[in-house]
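J.: Please build the complete structure, drawing on both the sequences and the hints.
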Amino acid sequence: MSQHLLSVVIFFPLLGVLAVVVGGREMSDRTARWLALFVTLVTFGVSLAVLGRFDHSDPSFQVVEQASWMPSIGLQWIVGVDGISLWMVLLTTFLFPVSVLASWTVTTDVRRYMISMLVLETAVLGTFLALDLIVFFIFFEALLVPMYLLIGGWGGERRVYAALKFFLYTMAGSAFLLVAILFLYAHTGASTFDLRALADASATLPVQTARWLFLGFFIAFAVKVPLFPLHTWLPDAHTEAPTAGSVLLAGILLKVGAYGMIRFTLTLFPEAAKHFSTAIEVLAVIGIIYGAVCALGQRDVKRLVAYSSVSHLGFVVLGLFALTEQSVTGGVLQMVNHGLATGALFLLVGMVYERTHTRRLDQMGGLASQMPWLLGFFLFAVFASAGLPGLSSFIGEFLVIVGTFAVSHVFGALASVAVVLGAIYLLWSYQRVAYGPIREEHRSLPDVSLREVIVIAPVLTLLLVFGVYPKLLTTSIDPSTKQVVEQVSPDHATTVIPSNTISAQAGSGG
Amino acid sequence: MRTPIAYFLLLGGILFSLGTVGVLVNRNALRIFMSVELQLNAVNLTLVSFARLHNDVGGQVLAFFSMVVAAAEVVVGLAIIVSIYRRRRTIDVDAAREMRW
Amino acid sequence: MVGALVPHVASTLWLIPALPLAGAAINLFFGDRLGRWAGVLATVLVFASFGVSLAAVLNLLTNAGDNRLAIQHLFDWISVGGFTVGFDLRLDTLSATMILVVAGIGALIHLYSIGYMAEDPRRGRFFAYMNLFVFFMLMLVLGANYLVLYLGWEGVGLCSYLLIGFWFSEPGNAEAAKKAFITTRIGDTLMLIGLAVLVFKFGTLDFEAIFGTAGSVLTKDAATVIALLLFAGAIGKSAQLPLQVWLPDAMVGPTPVSALIHAATMVTAGVYLVVRSHVLFEISGVALTVVLIVGLATALFAATCAIAQFDIKRVLAYSTISQLGYMFIAVGMRAYGVAMFFLVAHACYKALMFLGAGSVIHGMHDQQDMREMGGLRRAMPWTFVTFAIGGLAQAGVPPLAGFFAKDALLEVANHTGREAVYALGTVAAFLTAFYIGRMICMTFLGRARSEAAEHAHESQVVMLVPLVALAMSVVGVGILQLNPEGAMTKALEPVVGTAALGAGLSVTALIGIAVAVALLSLAIAWWIYGSGRVDTVAFRARMEPMATAAQRGWYVDRAYDVVIVQPAKAVARLTSDVVDALVIDGAVNGIAGLVKRSASGGKLIQTGFVRTYALVLFLGAVLVLGFIGVRG
Amino acid sequence: MPLDNVVFWVFAPIAIAAAIGMLVTRSVVYAALFLVVNFGCIAVMYLVLDAAFLFAVQIIVYAGAIMVLFLFVIMLLGVDRIEVRSERLWLQRPIAIVLAIGFALEVGAAVRAGVGLSTHAPDGFDLLQPAGNTQAVAEVLFRNYFFPFEATSILLIVAAIAAMVLAQRKVRAVTQAELGAELEDEPEDVETEIEVTP
Amino acid sequence: MIDLAHILAQAAPSPSTFAPPPSGPDAPIPTPVLVFQPVIPELVLCGFAIVGMLYEAFARRSSRTVHLVLALAGLAVAGIAALKLWNWTGDPTVLGDSIAADRFTVMATVVLVLAAAFGVIHYTHETGSGRLALRGEFYPLVLFATAGMVLIAAANDLIVVFIALEILSLSLYVLTGLGGARSNEAAMKYFLLGAFSSALFLYGVAMAYGATGTTKIPDIVSALAGQTGNQALALLAMGLLVIGFGFKIAAAPFHMWTPDVYQGAPTPVVAFMSAATKVAAFFALMRVLDVALQPLTTTWTPVIYALSIVSVVLGSVLMAAQRDVKRLLGYSSVAHAGFILAGLTSPNMIGIRAAMFYLIAYSVMTVGAFGITMLVGVKTDEPSSYDSYDGLAARSPGLAALLTIFLLSLAGIPPTVGFIAKLTVFGAAIRAGNWPLVVVCVLTSVIAAYAYLRVVLRMYFRAPHVEVEDDRSLAPQVVGLVLAITVLVLGVFPRLLSTVIESASILKW
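Protein chains in written order, with the working numbering: chain P, 116 to 625; chain X, 39 to 139; chain C, 1200 to 1831; chain W, 84 to 281; chain B, 15 to 523.
Hints are supplied without guarantee of correctness; some may be wrong.
Label pairs and their calculated CB-CB ranges [to be verified]:
(1) C:Glu1743 x P:Pro552: 29 to 39 Å
(2) W:Ile99 x C:Gly1801: 35 to 45 Å
(3) C:Val1782 x P:Phe126: 42 to 52 Å
Each computed DSBU-like pair below joins lysine-lysine, with the alpha-carbon atoms no more than 35 Å apart [to be verified]:
(4) C:Lys1689 x C:Lys1419
(5) P:Lys597 x C:Lys1400
(6) P:Lys586 x C:Lys1400
Since the hints were made in silico from the structure, they are not lab data.
Just so you know, even glycine gets a beta-carbon here, dropped at the ideal spot from N, CA and C.
T.: In structure tokens, the structure reads:
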């Protein structure tokens, strides 16, 4: 148990799947729901155990578990957690019970729905914990299927199109990843897929080769993130997916891409990463602003949030590839925060949708007077997402801006423009939803139910907590990012920020 | 013998090609099948010529085998053609294109 | 370290913002059940906070001048790779001044609100927001580094947004709230960039550290950049040109909100920021000039607008903008003491006037148009007297606070050889007195011009108490600063240092001129609007189109709408509907379509003719053999 | 001019001509007969190539058995009357011919490069077969090619069974669709089909 | 039989110590040493086939149960006999070098036998449910076909390869025709093209003989390696042989028959042949390329390379335009041939192992998939048309789930065996330095995934708009379940298979 802790985390949800399958038609929808909730909660508990065993000062991988899997090609089962993946995992295990609870309103094919959810959780956890490239790739591909089913099975009108688009888009991206992995495997001579081994071996590659491989990896993750201009699957998928689907897409699946960037592209190809960093930063900045502008132009509230994700993930990528310790940490922080903030937004949009049955902004309005609490929560999420200081997103964005500024003033400045744009489109949409005179047909809508409060409250609480005391995250994230950054660009690591310690002391003195 | 062995080989090649043309241009299943037989004979000729070239009787044995195979094939082939005719009242191969694309 | 000398102060600082925060939390969740006690709770807590502040300040003043500093380090907010930002509170004479104003006036306004919001079903929320605002405002002024300041800075923006849009069911209000938030956010963003530059230069955001080393670290240009970026933030918050557009609209919020946020405290945060960062501005020098010019321009601009308003609150709004301009003038002249005193004084009398206006509106049943008023002095004497005191104070009639402030400012201008500033300042003073006079006359003097005006009634006691208190403060606060080197300046010296004054006109002369200007302009105002000898309508008609233009704020709003807002919307639509949908996504779908077409085309090879199959097979054969032949 | 040369130059053209004839003639029967001629020529070639045994087999098996079988089927089906030669696939013939020529050239090239156009078969082939060609063939057959020989037996069984399966008309259950198809195809089969279909 | 073999072994002198050829017309012909153990599987299969044939011939009303039992028994015995050869210590090649006795063959035999067993079971069910008229000869023919396939995999002599090829082809032609009108058409197409291609193949054998003076693989390889062989003719031979095999493995552009035959032939037959033919042909191809033509590696790898690209592209792209599941699977078999060829572009043990793994994986998936299609949309004119699959998940979730697993595996989505298989072949190809080929393969596999997903999508997200019903009987579903579990288990624990393959991937000659 204890030495297989991570495997337990990964595969525990499958037990739930098993139970549901065995349950068969006899199992009532109600049972299925509760079962799924229970399983996801237990998974969360186990992941907390991981957190308990985690040594925050140690930047390397911990709780590592290694076993030969397919010796003929040197395939191994290696899972391990470090400061970065730790929080990705916790975010995942935290958001899943929430999503399950939020899916209480799903009434068709509940059993199949829950199966998809649980399989998805396993796949996602696998991607975050895998240290063997093929293992990672397997989970990376595998998570497409349940998501495909979720979108296609329980989504909106154009769900089939969206689902197929999502699947093929990401699969096409990961095609390059597979080739790159195999090439790396074949040409480093180290006949293993162990990330740690390859990280050393890849240093022997000729520069040009390494750069091509980098691109191979990067494209796959760029599609997943998604980075401009590879983002067009996102609006459709987000818009058509069921509430929980959107939450998980925005909250977790996008992070898989960003996580892949920091975990693999940066670790395996430092030189290439530096070489391409400027180009990528440009794309990221474009994405930040482009996403915000597109969000401004939306009439569909879910689409709007989707585009806001494009903008926010631009921040993440910018942070990761500015390659300063602050920016990278900020990026990772932003991954968690965006997961929570946008997750909350989608949850609330979903709750509103379940009442009004429309996502069109021009068909809502004045809801705040009818449902003060629901819209109050909504407003909280909106400001969290707009990066209000004291709420979590701010710290991430600020660190990214500060870190980037050290590398390029222009990018830093441009990135912060998004702060204004974010405020504009978020408040604009909120106003359209909540303020002004209420429509007749919405006069009798009920305010939040207890279940919904239980769904949304924890997320909002975390947004506040992480905003006021981000150290909870940074203490464990920082060492790992420090390691990465030092590996990629030693000169960047610490020197960009003039640390005149005396005054810093004076600052924190008292 | 004075004739260069290559001549026989070339003859075989030409006959084979002619057989191929027959396979490709005919619409009558029987004709197509006959053309295949022509091809097989061309091959046999080639084999025998090579046998002569190598001073090895083995080649002739191979030709013998191919004749046996050809015989078997003919049996089945003709049977199929007959059954086709039974069903469709024609052995025009172009008529059979219910399945396409 | 320095703070350690006054530990008992330092250790209690957190209490000052904590109390209103607690109130906010309680009211937010239980406000509805508390009913009218919500207001009481909120008020009590703010008063408590004021008490603690007072104690802390007095305690602070027991120290010698240079040791008047207390820093409380609560916890590390950010600490990433050598870059650390503490969640620190800092009490020095500057922040002391601010917290007294914020907590004190805030408390009075809370008290007033109990009455003002008595009928509103959602007053629980209201008081929650108000408390929250006080909390953020206190964080803003107590913050020991720019990030905590920024926290408060954005927080007050949030509360302003919530409170302006408090009655969101009326269509316009939400719009105004959004406008306020976004307009200020523009400034804030520039300020954020400024913060980034600071981090880049200093590796910290701590005031002590930055100001301590700025002289050695910053070049003149770098300082200019940072200072201007920070000042951009100030412009947004303090509604200076060119970002003044949001404040007049913000008046749709409940009047106490206007009084607290848009007159007394939040809008003055800009002034506080500049004074706080004066070191950077001084290194730059250019920045100070910019501040001066902006302030001057705003003061005049807003004054002209104020003259032409009919909505009593809009008059006050523009007057606030104009007065803030004055403060920036003072700052621009490095007369920080004067500026801060001006801030305090203005906080008092403007809060007073807003609350008075609120009382009037209340008495007039939510009528805000001055043309519908008149002769209210009989109906509501208390309001009239207190309001008049406030007005006269702003008009610069001695011995009220406003007089000392304005006079000191003009004196500094004159004695530092800034004739132009002095002249224009005087003009602005004239205009100020004029619109004040106009407002008082149209509201209280003459005869009632409407049904409502005749049946207007005095407000309840709970609303009058604050009025009286503020009126007294307006009378009394002058002693803090009888001249440019007054007590205030002295007190602030350890924080902001002193600026030497040159020679100019004699003080008495200046005072004489100032008083004369004030009284003259008041007289004119009375002659036009109060005496009833002038047909105001015809008079205004003669002033067209100037009058309307001024009333509309010289169409700056319209210009922004045409030049920025509409184009921006168009661009957004274009990007999302054309670029994204058709171009980028179009490319993707194009590829997919290509595959599909080639598939449906390619499957035609499979004609179903067996001979075609044979042909293809043989073709392949020939090609393969040819390929081999070529290669082998 | 040695005999074998003469024989070759006499019979090779005939063989090719016969093959072409088979292609161009209108009647299937003629085609079959042309093929017989061609086989005959090839048989002669075997003789020239010192493969007496195969010469015999060729005559007996091919010209004899197989072609007779063909003719038999032709007659049975009576397809010699109806012979549509119109070409629906207009590109089929040209392409086919071009490809065939290409193929022939490729083979020719290979032969030229591999064997050489003037290489003569080594002498002394008959020394290898003192007891005559048949004996020699048998010897090689049963020594080196013993197993293939066994395998062919399986082949023949399969062929027999196959012929049996295809020849006998067992009644078969048909799906509605097929029944429809049958109705157009062969009216006279219908009642048999229907009566046995439950 | 074994005894007989021993006796003969004692009786005859070894070919190495030959007496000078005796003269005289009636002198006995000395035969080579006859060791029959390695061909026992083939013999067993033929034996049971003949028995079955006799039963069919003489039983008044032959029962499918008897046939089934007979056939399964035969296959089982053959399989066991094959397994007994796993640790064969005798000569690597027997019966005058015409048969190779190595684990490679054993592997093939086992797979083929299993495929045949599934085919037989499916057929029994299909006929049992009255959708297909019972032809007792089916069972013997399947056994014969299997025998031919085993033989072709074991053959160490090109002429044996050819004969075995004919054995299996003739059986399959007939089996293909055991259905309705369509199957009849399919049989004709298959036969004509098959005859044509086998003529080409035979020509290749002839050329090989011309090049080396022998058809025995060991001698060929030594001749070519020792340069005594004739290069030009050898190349021609190689080309023709590849073409012949290419037809059997359905590699483009020799694939044209595949979709029609797959669509037309009775589903059980297709289930059997799609897997078995590929396995047999590929195993033989590997023997020919990696052993016989080993010296010509540099020449044939580019050919395989090209064929691989054409196959994957053509197969995948055309899949996208299909409206009939069986046809879809036909094209997918083309694409998969391409993938396997990609693995073979690495001319060494790695490539062979990858290909073997892929072949076995493919067999499982395709047999399973066809097994399900057999059950869907019965009693409709177009049982395998996509329309029959609308709303299958709602109609019969079990079938939908199983088919989904198989399709995802065919698409190469983890954690199915299909993914691991692709992984291994791509790995092999990249190790051989053919990364452009892999890029093409990977990208086309995305297109392929689209094609498979269209079916999945119809099963789950579409409401049925035509009146269809499915055969929900238990037995075939259990079979499907077993295969599905295999797909998943091998996908999660590939070493179960890979280790076996490792020890089986040594070709002897």
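J.: Indicate whether the distance between the beta carbons of Val1782 of chain C and Phe126 of chain P respects the range 42 to 52 Å.
T.: Given range 42 to 52 Å: holds, Cβ gap about 44 Å.
J.: Quickly compare the C-alpha distance for Lys597 of chain P and Lys1400 of chain C to 35 Å and report which way the hint goes.
T.: 21 Å, holds
J.: Given the hint of 35 to 45 Å, check if Ile99 of chain W and Gly1801 of chain C actually sit that far apart at their C-beta atoms.
T.: Holds - the Cβ-Cβ distance for Ile99 of chain W and Gly1801 of chain C, about 38 Å, lies within 35 to 45 Å.
J.: Quick one, are Lys586 of chain P and Lys1400 of chain C close enough, alpha carbons at most 35 Å?
T.: Holds - the C-alpha atoms of Lys1400 of chain C and Lys586 of chain P are around 24 Å apart, at most 35 Å.
J.: Does Lys1689 of chain C pair with Lys1419 of chain C here, judged by a C-alpha cut-off of 35 Å?
T.: 28 Å, holds
J.: Is 29 to 39 Å a correct range for the gap between the Cβ atoms of Glu1743 of chain C and Pro552 of chain P?
T.: 35 Å, holds
Violated hints for the displayed structure: none, as all numbered hints are satisfied.
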